[in-house]
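Please arrange chain R on chain S, whose structure you already have, making use of the hints.
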Amino acid sequence: MADVIKCPVCGESNLPDQEFCQYCQSRLQPLTGSLKGANDPIKPGQAPTKKNTAELEPILPQWLRDARDSARKSAEDNAAQAGSQPQESFNTSPPDLLAGLQSQSGSDEEETPDWLANITGAAPKAKKPQAESPEVRWVELGGAKDFPQEESAKEEPEEEPFTPSWLTGLTPTESSSDVKDELTDWFRQENDSQKSQQSSESQPAPFDTSFSASESSDTPDWLKKMAADNPQNDDALFSDASKVFETPSSDTPDWLRQMAAEDDNAPILSAGTFDAPTSTPSSSGDAQPDWLRAMADSQDRPQDALPTQSADSASFSELTFDEPPTGIASEAVKSATNDNVPDWMKGFQSTESEELVQSETPAWLKKEDEPAPSAETEAPAWLSSMPATESEPEQAPAQDDAAFGDIPSWLKAAAPQSSLYEESAAEDLPLPASDSSPDSPDWLNTFKSTEISFEGPPPAFTPDSQSNENIDALFAEMPDWLTNATDPSPSTSTSPIPAANTDENIAPGELPSWVQAMRPVDTGSARSSSSPSASGDRTLESRGALAGLQGVLPSVPGFTPTSKPKAYSIKLQASEEQQAHAGLLEQILAAETAPVPIASFSALTTSRNLRWFLSFALLAVITTVLFMRGQSFPMPVGVPREINGALQVSQSIPEGAPVLVAFDYEPARAGEMEATAAPIFNVLRQPNLTFISTNEMGSILAERFISGPLADPDQSGFQYLNLGYLPGGQMGIRAFAQNPTRTTPQLVDITSLSQFMALIIITDNADSARAWIEQTSSIGNAIPILIISSAQAAPMIQPYYESQQVGGLVSGLYGGAVFEQNNGGVPGITRTYWDAYSIGMLLAMALIVGGGLLNLALGLRDRAAMRESN
Amino acid sequence: MVISADLITGILSFLFTLLILSYLIGDNPLFRIAIYIFVGASSGYIASVAWWQVIWPRLVSPLMFGSMLEKGLLLIPLIGSILIFMKVSPRLAGMGRIAMAYIVGVGAAVTIAGALSGTLMPQVMGTINAFDLVAAAGRNIEAVEVVFNGALILAGTVFTLIYFHFGARPQADGSMKRFRLIEILSWGGHIFIGITLGAIFAGVYAAALTALIERIASLINFIGNFL
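Taken in sequence, the protein lines are chains S and R. In terms of my numbering, the first sequence opens at residue 549 and continues consecutively. In terms of my numbering, the second sequence opens at residue 69 and continues consecutively.
This is chain R alone, in the form it adopts within the complex:
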């Protein structure tokens, strides 16, 4: 029998799969061994990826072999990276605040701009256009369906937003109570949230079940290769 890389890979995959599945009986050293090995392998791989795919080709190599313009432009990220590296020392951690401020500022700006232009406004427009029959006709969707789906989406969106509205008024007996309409709509939002969570749970279970099936199939295939 020739020991190939696939065989070794298959054996290791089989063993580590069993170690991970041993968690069904509870926390045990086998599971921990598999976890530690996975963490170590992942860290090493990530470090190598950071060096070979980021630091070396994007910083070191241009500084060493790039043009003067590239070197001049790379001084800013070089200084920024050095300053961030100062955070390793508590005494010098303050020097990394400049680079961190730059990263946080740029990241927040990019995220907010992307959220506004990519999520908030399109979602608002999508909810509004849910009743767009013309667009629905262009997608071969019937009007009833468009209206129903649009209504359902609108209801779900509104009810869910109302559900997260916690404004209330004091009552005569001293208790706090929201408006009745808000209460009813929030109850509808509660249903939509419940359905969403159920869908998410179903999706999580489906994803986990698929992963389990893939692992068992791999085990069966590995064993089937020796049978």
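Pulled out of the complex, with its shape left as it was, chain S reads as follows:
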């Protein structure tokens, strides 16, 4: 059976992996499961979740949906006929899931499920003529007013044998006909007493008054006993129930009021709690109680027969008549009218009535003799004695199993309403029936409303009585949705079964149904777990994308190593020879990476002492010579050609002729340049000097030169013009050479370079001399150039003299001394410096030669030492 799933609709066998029946396309697997917590019981204090079950409509079988549709239509028709009459109690009474079953039986007979056909046998044929049977309406509306008592009274003799066994069991020790007679008599008496009481009371009598007044000897013993068992609980229960169980007196049965009258504590009940309606018609048959007749009248004239209700009574009607049809069914059992029994129940009884004897009456009925279903419906005061009946929970399961063996599951689901009473009395369940009824199926709302509103009725069915074994055995052919309704919650022993059945079809509010349908459900996982897995892993993934899957990531059993892995030494085992070779290889590699020092000459470093010694010697010698003002060294005699050319140029300059003098040397060379140039200017005969400089410092050096060395009284007669700084370097020189006047506006009479008689360039830099030579030689009408240079620039300027570009070259102190020596022998500054200069030159030569010789000697010594060492 594990490999085949039987369709709950058509009963055909399907493969377990199919989601829909291949014959009737009905869903085989429910959309919800325990993974979603659908079967979790409703805990006290938990607010009901509003759930939309419209999407579950397709789950229902077609025949059931049609039946529900017809039920709704009939309900709407009744509502339309109701007019302005208050219909809270009837409108809010949730229709049963099986509503419209009978009404559709005629037209949709072929869609009757097999399980019903099996149960009822040839019942479908028998149902045909019953177009508007009372049980149909009872099933549809599930309210007390749906009982057409008149019709049931008419058909009572004929339908009596079809009372279900469990209903027949409600009559403790007598046969069904006896029970009916007893009840009808009892109700009739009660009705008479009720009439007498109503005539004496102008106002709706409270429940307690009716009970006290209607006490009679015809009251069943079991009811009297029940009423007597709860004297102490009535106060507490009905103090709260007074607000809830306010109902029109028309709905209160007389026998209930009679029972209330018997109660000692009945006066505690408020007067308005169970007011007996004075306007309730009592034209029903003699065999029926008043309330049943009233209900029958209300069925025929549902709006007219109902008395006007106050606000409190309206609330009472809402709460009371929202109760499930089970309570009403219980009253129907009490009335023992066989015409109220549905046809399928008649068939059920016909097939099993032979096996059930009257002695199989449930023990809870035998023992308590209480009409539990009726208590659920009306919730009278005497029903508050239910907690007292719970003192015997151990006997109930066995008795219930025997008693409800033949009861359909949906009736079983209705039965535990009384068990909810056990918890509701203790935990004060606050769930209102109106909250869940709009969104849940009607027949589920019926169950829920029963759970909420009923606090007084004794448990007609204890949860232990509905063991899975008995249910599975007895209702193997029942649809799953019906059999699930009988499954008790594992956590609660009370009556969450209908709620669980309801919640099972309700998807959790967080996820839409189609998403939930994609998720793996428990049934699938359970089925997969039942099948042998390759890995044998039963681990159920609880989170992540694999949530709900089982054995997806199997672990290989026995994979864990049984022994500790062997430890291997990482130390290299090498012999000495191998280590020696490794060492050599390491040295070779190190030699390759080691930097090779570059062979270079050692830098010639001078020691501080040597430097100080040379400095001291030079300073001492020069200072001494200068301080002594000696003239030990003679002036140079020979005249070099360049100096001779300078003499010729200087001597060729006519008196008062314009001479351009360029001062292009640095202040550091001022001493040398002034000493060198002074003899030349002494040769000139009152020249008209024009000073210009391509060096910024040249102009001030020119002023210094004029005010210094040339401050000789003999040279004081010459004139000079300091043009200052000539910017632009070679370009400036070129521009000045091309047009001196434009470049230097100070020149008034000189419009061309050729107007100068000579160009004297005083420079310590060969480049400066070259620039002047280059830029002025290209100009036509070249003028004689006399260069007075520093000794350091003389070697570079000498070629210009050899090439005859320069007329004369006087370089350094030697040139000045020669020039001065050949200028009439007038001693000048050159002579002052000459001794010191000569000594300095000799000292330098001596030091250089001495140093060289010393170095040579040291080298020879080192070589000899090396040779000896070798």
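Read the hints as simulated data drawn from the structure, not as lab findings. By construction, the Cβ of each residue, glycine as well, lies at the ideal position given by its N, Cα and C atoms. The reader is advised that the hints may include incorrect statements.
To be verified - As a list, the in silico SDA-like pairs of lysine to any residue whose alpha-carbon atoms are at most 20 Å apart:
no., chain 1, residue 1, chain 2, residue 2
1, R, K139, S, K554
2, R, K155, R, L137
3, R, K155, S, R1290
4, R, K245, R, N217
5, S, K554, S, P609
6, R, K139, R, V156
7, R, K139, S, R1290
8, R, K155, R, M136
9, S, K1112, S, A1093
Stated by the list, open to error - Partial pick of chain R residues on the chain S-facing surface, computed with a CB cut under 8 Å:
no., residue
10, S157
11, P158
12, P190
13, Q191
14, G271
15, A274
16, L277
17, E282
18, A285
What follows is chain R alone, placed relative to chain S:
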């Protein structure tokens, strides 16, 4: 004692001379102080010279007081100077490239023209005319001397040029070697270069020695003025 400008000048000259000579014992703060003061004084003097001798008389004054022709002509150097001044800002340095291009172009042209006409061709002609006996006779130079000097100058020039000739051929052993004649002539050029460097060194030493003598003489004169 009257403190004259010459005295102050002499004192400052004496002190700064000693500070500079202190470099003989090594780098010291006194030497640095003298150097920094000299740099600062030189910069200030150069700035004043640039303003008073270049900018003001050659640009600002003509723009302010010159004729319209002068002002029109000075717009070009004015714009050029402004563009060069843009090089102070890295963002605007590109605008000075035009003026710099002009300066570099004109400077290179002037330098090259001057080098060709003033150095290269005259030096070549001078070397060639070194053996000009007529010219030498006009300068009262004997022929032997002219020839010897001419030969020496020619040898020095040629050898030095050959010394800077680095052309070589690969040998059989793979080494590179110049011609033997080139090697010999380059060796002669090496000698001439050595002599030239010796002459330059002698000239540098002579110039430095002269400067030292002048400074010591000034110190002695300054001290002698107080003795």
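For each hint, the structure was consulted:
Restraint check: the Cα-Cα separation between K139 (chain R) and K554 (chain S) comes to about 116 Å, which exceeds 20 Å; the hinted pair is violated. Under the criterion of a C-alpha separation no larger than 20 Å, the hint pairing K155 (chain R) with L137 (chain R) is inconsistent with the structure, at around 29 Å. This hinted pair does not check out: K155 (chain R) and R1290 (chain S) have alpha carbons roughly 29 Å apart, beyond 20 Å. Using a Cα cut-off of 20 Å, the hinted pair K245 (chain R) and N217 (chain R) is violated, with the two alpha carbons roughly 32 Å apart.
Proximity of K554 (chain S) to P609 (chain S) is assessed by CA-CA distance (about 15 Å); at most 20 Å being required, the pair is judged to hold. The suggested pairing of K139 (chain R) with V156 (chain R) is violated, with an alpha-carbon distance near 26 Å, which exceeds 20 Å. Under the criterion of a C-alpha separation no larger than 20 Å, the hint pairing K139 (chain R) with R1290 (chain S) is consistent with the structure, at around 15 Å. Of the pairs offered as hints, the one joining K155 (chain R) and M136 (chain R) is violated, with about 29 Å between alpha carbons and a cut-off of 20 Å exceeded.
Distance check on the hinted pair: K1112 (chain S) and A1093 (chain S) sit about 36 Å apart at the alpha-carbon level, beyond 20 Å; violated. Annotation: interface hint on S157 (chain R) violated; nearest CB of chain S at approximately 24 Å, more than 8 Å. For P158 (chain R), the shortest C-beta to C-beta distance to chain S is roughly 26 Å, which exceeds 8 Å, and the interface hint is violated. Against a cut-off of 8 Å between C-beta atoms, the interface hint on P190 (chain R) holds, since the closest Cβ of chain S lies about 5 Å away.
A distance limit of 8 Å between C-beta atoms decides the matter here; for Q191 (chain R) the minimum to chain S is near 5 Å, and the interface restraint holds. Hint status for G271 (chain R) relative to chain S: holds, with the closest Cβ pair at about 4 Å, below 8 Å. The criterion of a C-beta within 8 Å of any C-beta in chain S is met by A274 (chain R), whose closest approach is roughly 4 Å, and the hint holds. A distance limit of 8 Å between C-beta atoms decides the matter here; for L277 (chain R) the minimum to chain S is near 4 Å, and the interface restraint holds.
Proximity of E282 (chain R) to chain S holds as hinted, the smallest CB-CB distance being about 3 Å (cut-off 8 Å). The beta carbon of A285 (chain R) is positioned within 8 Å of a beta carbon in chain S (closest approach about 5 Å), and the interface hint is therefore held.
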